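Student: Please build the complete structure, drawing on both the sequences and the hints.
Chain residues, written in single-letter form:
There are 2 protein chains.
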Amino acid sequence: MTGRLIGVGVGPGDPELMTLKAHRLICAAEVVAYPSLAGAQSFARAIAAEAIAADAREIVMDVPMTTAREPAQAAYDAGAAEIATELDAGRDVVCLCEGDPFFYGSFMYLYARLSDCYEVEVVPGVTSITTCAARAGMPLAARNERLTVLPGPLPEDELRARIEGAESVAIMKVGRHLSKIRAVIDALDLTGQAVYVERASLEDEVVCPLADAPIKAPYFSMILLTKGADPWL
Amino acid sequence: MTGRLIGVGVGPGDPELMTLKAHRLICAAEVVAYPSLAGAQSFARAIAAEAIAADAREIVMDVPMTTAREPAQAAYDAGAAEIATELDAGRDVVCLCEGDPFFYGSFMYLYARLSDCYEVEVVPGVTSITTCAARAGMPLAARNERLTVLPGPLPEDELRARIEGAESVAIMKVGRHLSKIRAVIDALDLTGQAVYVERASLEDEVVCPLADAPIKAPYFSMILLTKGADPWL
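Chains as they are written, first to last, in the working numbering: chain A, 49 to 281; chain B, 49 to 281.
Hints listed in this document are in silico derivations from the structure and should not be mistaken for laboratory results. Treat the hints with caution; some may be incorrect.
It does not matter which identical chain is meant; a pair holds if it fits inside one copy or across any two.
[Stated by the list, open to error] Within a straight-line C-alpha distance of at most 30 Å, the following computed DSBU-like cross-link-like pairs (lysine-lysine) qualify:
1) 275 x 221
2) 264 x 275
3) 228 x 275
4) 264 x 228
In this text, all values refer to a predicted model and were calculated from it rather than measured experimentally.
Tutor: Written out as structure tokens, the structure reads:
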């Protein structure tokens, strides 16, 4: 009998924001797999570290830092092959994913490669967007409000058009796109309604009005924007 | 010293999808508060039931079933007053919220009433959208894709325009709006790319292509729709 592939969301960063189910599955895992970025320590592994058994086998997918698709895809090809070997040997493999596996998560790349041939379970996790909202004290959406999630790398024109047509907006993956995004929000005269959040739920978290955001943003940063006047009373 | 108001997301339904932090806070709570709908059993309380201490004080906000705003707001006014009495007496109050407190969560109504006067902490939870995606095996968004979250009660014209301009779409609160939403998605020729999910992560969960959805949907149902052709390889 082949093993099961289990994609587990480990949440936004604070290990206590893992679900009880994620914690149980990671504690029991004989084999865990996770990505690391350009040889750096894996963020997903760091979140789950306390739960991983000392004798668990660890499969690391080292994803190079580049916007080109092929090198990253080669890393997932190699990782999927290594995971498949474990599954074929009858062992379950628990894949650790920052946040939620199906919300801008790297697990999708493994899912695309392995879900046709193996039994897969996906365990949802707390996403960065609701964590940022919680930390900023800024409700995302209520009643019949719409919420639009936009990746920061989108072109300036498209960002502008999408923000203009939206109600509540969460802009992910801000990083090196911060100055472009700020210019768009400034031009729309919405800076006063926007907050900047960096490394939400971690000890070195930053939460501030967008106007006070630092010049340089890390990859794990986000901008939240709401247009509602009195949405919650 | 006054107590702290703690809004805790208890996740989508499966008690194991509570976070470790939610579980710890609920277990330790002297006072818990939660909404119930028109006298029915509270879903948030049912999710957290195992963790609530036998001698915890419970504040129930009974929200009437109506689309009018005033009766619901009166229930939150009364609940906020009762919670304030506990906070003034120096006791923390843990408010239980289905899913995440700031993502279409009832906690916003308490937050709007109490956050100016009391210390508040918000603990994010797993939302229904990523849970539905996990259960449907349908990644929500990858790379530079946009995600739009739409409430089902929106007018037909607006739903149509928003779905047309979107990439990935999650339609919340389907309930009695199912036939209207199906008609919109059919007219856009997108039914083949849509899935219907009801009571995700619970024992009586339903996951099926939208074309096979039941005639009558409960309030806790959702439609997911992706337009990507080959987004995950």
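Student: All the hints need checking, so say for each whether the structure fits it.
Tutor: Hint check:
1. 275 x 221: The answer is both: 21 Å in one copy and 22 Å across copies each meet 30 Å.
2. 264 x 275: within (26 Å within a copy, 34 Å between copies)
3. 228 x 275: For residue 228 and residue 275, both the intra-copy (20 Å) and inter-copy (27 Å) Cα distances are at most 30 Å.
4. 264 x 228: within (12 Å within a copy, 46 Å between copies)
In this structure, none of the earlier numbered hints is contradicted; all agree with it.
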